[in-house]
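Colleague: Listed below, chain by chain, are the residues.
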Amino acid sequence: MKRIIGMMMVALCLFCAAAVPASAEEAPGQAPPAVSQPAVPGPAAAPAPAVPVTQKTLDDLKSSLQVGIDTAWVLFTAFLVFFMNLGFAMVESGLCRAKNTVNILAKNFIVFAIASVSFWFIGWGLMFGNGSPFMGLEGLFFAGGADNSPAVGEAYKGVYAAINWTGVPLWAKFFFQLVFAGTAATIVSGAVAERIKFHAFIIFSFILVGIMYPITGHWIWGGGFLASIGMFDFAGSTVVHSVGGWAALAGVLLLGSRTGKYRADGSVNPIFGHSMSLVTLGGLVLWFGWFGFNPGSTMGVGDGSAIAHIAVTTNTAAAMAILSSTLVSWLIQKKPDLSMIVNGALAGLVAITAPCAFVSVGSSAIIGLIAGVLVVLAVLMFDKLRIDDPVGALSVHLVNGIFGTLAVGLFAQDKITGTATGNGLLFGGGFKLLAAQAAGVVSVGVFTFVVALLVWYLVKAFMGLRVSTEEEITGLDLGEHGTKAYPDFQGFLTK
Amino acid sequence: MKRIIGMMMVALCLFCAAAVPASAEEAPGQAPPAVSQPAVPGPAAAPAPAVPVTQKTLDDLKSSLQVGIDTAWVLFTAFLVFFMNLGFAMVESGLCRAKNTVNILAKNFIVFAIASVSFWFIGWGLMFGNGSPFMGLEGLFFAGGADNSPAVGEAYKGVYAAINWTGVPLWAKFFFQLVFAGTAATIVSGAVAERIKFHAFIIFSFILVGIMYPITGHWIWGGGFLASIGMFDFAGSTVVHSVGGWAALAGVLLLGSRTGKYRADGSVNPIFGHSMSLVTLGGLVLWFGWFGFNPGSTMGVGDGSAIAHIAVTTNTAAAMAILSSTLVSWLIQKKPDLSMIVNGALAGLVAITAPCAFVSVGSSAIIGLIAGVLVVLAVLMFDKLRIDDPVGALSVHLVNGIFGTLAVGLFAQDKITGTATGNGLLFGGGFKLLAAQAAGVVSVGVFTFVVALLVWYLVKAFMGLRVSTEEEITGLDLGEHGTKAYPDFQGFLTK
Amino acid sequence: MKRIIGMMMVALCLFCAAAVPASAEEAPGQAPPAVSQPAVPGPAAAPAPAVPVTQKTLDDLKSSLQVGIDTAWVLFTAFLVFFMNLGFAMVESGLCRAKNTVNILAKNFIVFAIASVSFWFIGWGLMFGNGSPFMGLEGLFFAGGADNSPAVGEAYKGVYAAINWTGVPLWAKFFFQLVFAGTAATIVSGAVAERIKFHAFIIFSFILVGIMYPITGHWIWGGGFLASIGMFDFAGSTVVHSVGGWAALAGVLLLGSRTGKYRADGSVNPIFGHSMSLVTLGGLVLWFGWFGFNPGSTMGVGDGSAIAHIAVTTNTAAAMAILSSTLVSWLIQKKPDLSMIVNGALAGLVAITAPCAFVSVGSSAIIGLIAGVLVVLAVLMFDKLRIDDPVGALSVHLVNGIFGTLAVGLFAQDKITGTATGNGLLFGGGFKLLAAQAAGVVSVGVFTFVVALLVWYLVKAFMGLRVSTEEEITGLDLGEHGTKAYPDFQGFLTK
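So the sequences go chain by chain: F, L and H. Sequential numbering of the first sequence, starting at 1, is according to the numbering used here. Sequential numbering of the second sequence, starting at 1, is according to the numbering used here. Sequential numbering of the third sequence, starting at 1, is according to the numbering used here.
Watch out, some of these pointers could steer you wrong.
Remember, identical chains collapse to one label, so a pair may be satisfied in a single copy or spanning two.
Cut-off 27 Å, straight-line C-alpha distance, at most; resulting in silico cross-link-like pairs (DSSO-like, lysine-lysine) [as the list claims (entries may be wrong)]:
1. K484 - K157
2. K460 - K335
3. K415 - K62
4. K261 - K334
Calculated from the structure, these hints are not laboratory results.
The whole structure should be built from the sequences, with the hints applied where relevant.
Modeller: Here is the structure:
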């Protein structure tokens, strides 16, 4: 343990040493206006001479206002996505047992810190740096490459050209992408809960956010080969959610199921979560945060119709998925199961993430309807396969991440809000778009699953992956953290 | 049960079939600009020739920027209002017993899904469609009528003329109004808690949001007869809160009180909530969300002074109501009661919702002060009347919804932030405004209460309203959902 | 008790009497445009004649749009800071025992109401009114002085000149500053928890927010003597956090430690919090709210690069502080302690609050790294000194508030985002800036600590400060409020 901590300490110090000079690259060639002395004249400003203004002046004005507005929008929605960390923490801890709560909360709290450091260190550069169709190669470290954002399009000069379509400053782009990267890591947390060693999860998260996520992200959002073949993933059903899901699946397979979950006779011993209040709280926080995730992915408010459309498709899919998951759960389990209702909402949200900007509101309803059915069936299926996922992360993020990506190929209509995607299969576009989407699903899935398996394997070999059975029974709170989540309440440790 | 589920399944499929073609109506005659290729030139764009620009060009520029800004504001505040669902869920579950928690959370989670579907299906059209003074008649289904938003005023061409004063796209208007409609349904949830059947609540919510709420909403916000006589309800003390309150009162009367609440000797057996942490959490989330509810109802940032004024009146009323409810509770109950403090805040917020844009900050303080007193007295009164409202929803939303609406007639000052309301009684305007407000209170109250009574009655007749006494004693979590909220914690089921 | 309540009642009535006329001062000389009839022409408006426009017209347009955008930004970020009240409430109640939960929640809920009233009554005027270098003297009451905001700079005419650099309406400035003032009072709450009388805390909070906080705030943000000597505190490491910390320290010293915390033999008896779920929830809400606290302190979006930069420095410091506090806690306590991880995040956020706009992202990482170490050592140190701070508020807000303020003098680089601060010691600026920062730390610290000691002493003398030992052992929930937080769960009252 001490050795690992020592290594991490050294790594941290190296970061910092490297980071300080990076500050010199900030705002290249720009003298930012004084924060405390805005140049905006007040209503009663001294009258200016009546000189006619030119189109150039007007364009400059629009540009200067637009940068401010777009930056505010990008940051506001990024904050909402950041807030999803709370949602994940609450859903996961609520769906697990009281004796593992501290461990789960600690994982969820530290994972965004890990993501913040590793995405800054290397992830951003690998994902958005100019380079090959397979990864970024320029401006790799500390988001420190040349960049004259908020310049856009032809006017952009720098090494992060793939994201030059949004007219916001570099750090706004970075922060928005960071909160997405953080989401991928939190997805893993839920699936491996209640049995993974604390530091094993930390190491894996660092590699996932720093290396794996940015590489496949580059393929789609960084101008890589999947972008080239016409694959579309508006806000990340594949880039974020299925990547998190594949990484989680690899971990679950290597970890094995929780002690006592599957009986020798093949039957399933349900393990109930310790607080449905936390689960519901988390579910609503995630839904709230998704209004940053999807509408925010416009990365600007230049097209108000687009962001309003996306807000409505996002919400409609969630609502319909809740209804269908409730009904299916009611039919199969005889009573409406709250955890299925909450996971239904999340399934609908994951499924609409890729197509939200490319499909009609009516189509979003159908996508949500299907997602809600899929998630209930998937939960049952994974239990049949004895793949133990305490929170249903695979059913929500992997299964519906795949479905949502394919749904673009089925339901897209050319020019719903902006980008011309071509029509999907159900709107007369044939299999072209669907094939590109499927290629994306398969290539990202194979890469992430294989690499994740390898990384998990190495972590297992070098420091161990799973806590002892004794610790698992006592609870990871005592074992990993030497404490309890609810010390004033008695009698839950024996379970 | 199966029959109901089957019916709902069929209804869902019909929605979807109808919904897909609706997509063709989107953005009529508009080719939205590409999301991923914004037309905004960067700071270093190629120089344009120095041609003088005209007023027309300038107006177009302003318009294009304003639409983006206003849309961002409307969506941002709508997200805050959406987040109030979490507040309601936490306040209600916290104020009820642990054994009914899952049921309460499930109701609160699904109710916004129900609202999303029914308001999209028919509610929006009934509320904002052009039609008679009593309801909308055009563009009824799926928000699918002709509409050239964000055009405003004279330039607007479409069937939703009553809301043509805000320059945002149709879906932004729809989404903002949807989150308000959802609020009305969640209000009902609290009053009928701990004894209503899950599906009875779902059916009622669907009808409330799809039919009842939009009709009375049309009278005030949809250009109906109450708008014509000069009644003002800025953000919905009547449109949202008292409507929810009246619908809840009808339900409570038909349901009866919880078993054991009122003893045979006439005394009250207080039933305590199971988690004051959740109550406080919910209260603060609601206060936070109200900053979307009230300031957001400007539906644009064209008048910065107005939204800042509204934020301050909203907050001041809440603060003063907390102080007065704390003091009154301290005096009457001898100790400051936390549930009264939280309900005090909500009472102040409900009361200031109608007048927030029409009264001074000083007046908002007095309105809050009165609201805080009213809510404590109302809670005691309803208990005297043996009307059992587990969370105080009637005292908060009905009593203070009425008071807030009348407060416009008392405290309004002409042109505080925009709309000329005329002066209220206390500012020399006589009884004219107060009379219009009272007419609104009475007509909305009578309609909603009578129709709600009828709907509740039909639900009761056809599928039953109340769970069995046995189930009520065991808890609705086991009865309705077959599960427990806190399975790791023992010993609370016997209460 | 009755006498106090009576006095408060009278005070409330006086407020209101004074408040009503204050409304006449609103929006001096302005006829705000109608909220419901925006002047913005729609895309299809009637064509305007092709008259060339002048620079004056253009400036007016920019100004009018900028006011709306900036107001939306200021309010949005203010709402996030308001939301921090939830974070503080959850962290504090979670880190304390179940038997004191209602009391802690009630304190945290009412404290913002108190702050809202006292800052409106007198605090705003003392802080931002024109006056001496030591306090505001004009426009003292009810934010009622002359003011033509959103006019800025030379065009500004009014008595709140120190905050004339931001082009937003007066009430937007007021509300933004109010939520900051409220934060200072909530900091105190945590340190004095589990033993202070409810009304003693209320009285102190009123004086802190109404008198003490605004006076020292005037020195730095109100154009006072610390501003004059070139001290910089961008978002309030000193103005807000260390002021709250000094006031708390004075209270803790007069209150003494909780019964049973320190044993006679000098050893420490750790008292565990009752819910780590609430602690983590609160920590993430605070982190989320800090994105309002720091980026919002630009009070406008005129410089998009600045707000993006500030968002990233804020997040980076939090992330690095989490990593360093985790590691230090792991090394010292042998296991990673969740309460240290959460307090680590808060420590990093407090420390970066002053320098967030003045340092590079690399420097923010180092500042965070140090803050995370400091907070763990400080918690241990205060326990060594037998200064009993149940939630670590002193370690987070006082120690890191001081460190963050000094960090400006060490790490500042001239013109990172706007204001020219000059370089700090580590960037070749010598001791000049560091000396000014130290002067600020010392003068604010001495004043606040001495006055707070006096106020706490008077409260103690006139109404008592600490509950009886019997009440402390039974719990303040029963003693102060006559209720329990979790009545359905048994067995926690004996602890």
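Colleague: Sort out which numbered hints this structure fails and list those numbers smallest first.
Modeller: Violated: hint 1 alone.
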